[in-house]
Amino acid sequence: MDLLDPKEMDALNERARTIRQHIIKMTHAAGSGHPGGSLSAVEILTTLYFKIMKHDPKNPGWIDRDRFVLSKGHAAPALYAILAEAGYFPLEELMTLRKLGCRLQGHPSMRCTPGVEMSTGSLGHGLAVANGMALAARLDRKLHRIFVLCGDGEMNVGEIWESAMLAAHYKLDNVTMFLDRNMLQLDGPTEKIMSLEPLTDKWKAFGWQVQEIDGHSIKEIIIASQNALRCHGKPSVIICHTVKGKGVSFMEGAVRFHGKAPVDEECEKALGELEVCR
Amino acid sequence: MKHGWKMESQRKAYSKALVELGNQRSDIVVLDADLSSSTQTIKFAEAFPERFFNCGIAEANMMDTAAGLAASGKTVFVSTFAVFGTGRCYDQIRQSIAYPKLNVKIVVSHAGITVGGDGASHQITEDVALMRVLPNMTVIVPADSPETYRTIFEIVKNKNPTYVRMGRADVPSITEGLESFEIGKATVMKEGDDVTLIGTGIMVSRCLSAAEELKKQGIGARVINMSTVKPLDEKTIVKAARETGAMVTAEEHNILEGLGSAVAMVLGENANVPLKRVGIPDIFGESGDSEELMEKYGLTAENIVNAAHEVLARKK
Ligand SMILES: Cc1ncc(C[n+]2csc(CCOP(=O)(O)OP(=O)(O)O)c2C)c(N)n1
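The listed protein sequences derive, respectively, from chains A and B. Each residue of the first sequence is one higher than the one before, starting from 0 at the first, in numbering that gives the first Met the number 0. Each residue of the second sequence is one higher than the one before, starting from 0 at the first, in numbering that gives the first Met the number 0.
So here's chain A without its partners, still in its complex pose:
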């Protein structure tokens, strides 16, 4: 299938590595931010923006574009790196993250940053917002799709399950949710803080199509996204098994790097690791 052209796969993986480097540099320059949950979502975002979604960086307001909502807004560094790489704004601007007067707010603001579809940061809102966009698309007889990325800790939020019901009730098959299942939230492991399992069964019981994949495999993300596009009559969730802090040895699986930026030596070490193609 040309869908999975090996050259293109290599390019996407290469792009993911560049995005990771941006995330490290940005959070280091800002002195704060959330590297862990940004790094776990890199392949998901890279595949969406550089393979799956129809969008036009030169025309962010294009009416027929696919929409993406970053429900776990603290992964803003990942989204900004993607948007800059795609051409929504200059790459140099990435280093202004969190600085006074910048367009790259600590959490995404749709009024500040070109390409950001919704202001987020308080967890649990994004899926409901995506549903609203999906209902509007249906009303306007538009064929564009709505994608949303949630964290697994975010599944604690009651509103997530309210919107899960709404999406199934209104058969919102234009909604695809990616669930970043990195097994960690802020205070520790998800199953220790507030157990989520059996997560797949929960989503199935709520009337969703459910797929489980390796969230760092671009190939699996592409296939799962295509399956979601072909699913009719129900919304789709793709549970992506990931590693928090993925790509940087000392950040992988480390709760500490949920909301802590790398200091000088850590930044250097991380960039060194990301230089080597893995």
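One or more of the hints may lead you astray.
[What the hints assert, rightly or not] Keeping only pairs whose Cα atoms sit at most 30 Å apart, straight-line, the calculated DSSO-like set for lysine-lysine is:
| id | chain 1 | residue 1 | chain 2 | residue 2 |
| --- | --- | --- | --- | --- |
| 1 | A | Lys191 | B | Lys15 |
| 2 | A | Lys98 | B | Lys5 |
| 3 | A | Lys191 | B | Lys11 |
| 4 | B | Lys73 | A | Lys191 |
| 5 | B | Lys295 | A | Lys259 |
| 6 | B | Lys295 | A | Lys98 |
| 7 | A | Lys259 | B | Lys15 |
| 8 | B | Lys11 | A | Lys98 |
| 9 | B | Lys295 | A | Lys24 |
| 10 | A | Lys259 | B | Lys215 |
| 11 | B | Lys5 | A | Lys259 |
Everything labelled a hint here was simulated from the structure, so no lab data went into it. This one's a predicted model, so the numbers in the text were calculated from it and none came from an experiment.
Position chain B with the ligand relative to chain A; hints supplied.
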């Protein structure tokens, strides 16, 4: 720090008080919403694992759970960031805590724009307003960490729903060595007869700095720490208004419906003196360094000095 004030974390003072309280009283129960490592309730969790419940990222659920525990005789502390512990679960606080007047102490951190880099989504500047208009709710904004520590011991002496607001950043310890804190009673930190500066939270230290600057200019400023925003110490306000004839309020909160508004209402009904409110303009915050934001939003000692000059000029 130019005054030689110690810079200390309110959150640390809070957790220290919580653990001591937990040792003294078995009815103390603590809830958090996946922020225990930040609010520091983790210290209580480590000391009393059976009396700590992490509710996950589910603040509304946490508030109603707290209500159930309180209705069963527990003294419940509920902690998270200010933005998530107020607006996000307002109905739960209103229906299940304030209305039935249950013994829940909502103690939050990361209030106001000093949150810094996280930006507007996390910088709640309207929480005091939200809590102040709830009947039965006591609202306390401690000035520093020693006062935070004293506050925690004081609020468990009654069974009233209570909101305690803390910031993220370390703050100068200006109440070090002051005697015990009393709910609803303002503290005069500095005497003066020309103008009164009333502050709450981190703005009290800035009022003190402003008073020093004014003194150099030959102006005697009275500084009042109004840590209890509700019930408001009207007596102290009216007395200061009559004796100094001009007033400035200072708060790290929306200029609407916080301390300044509360004082304006008291003055409007009791003592007609010129008033200037120093606070955050009615706009959302943004990312930036805390101090830079305090400057941009007009919350420095210099802003208070200027406000003092303005009311002095209007004074008859
Ligand atoms: C409503 C709400 N409560 C608390 C927070 C603070 N917070 C930011 S990230 C986070 C943990 C998120 O965990 P998860 O969804 O698993 O994200 P990831 O691990 O992928 O970064 C928390 C509690 C928040 N942003 N919103």
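What hints, given by number in increasing order, does this structure fail?
-> Of the numbered hints given earlier, the structure breaks just one, which is hint 10.
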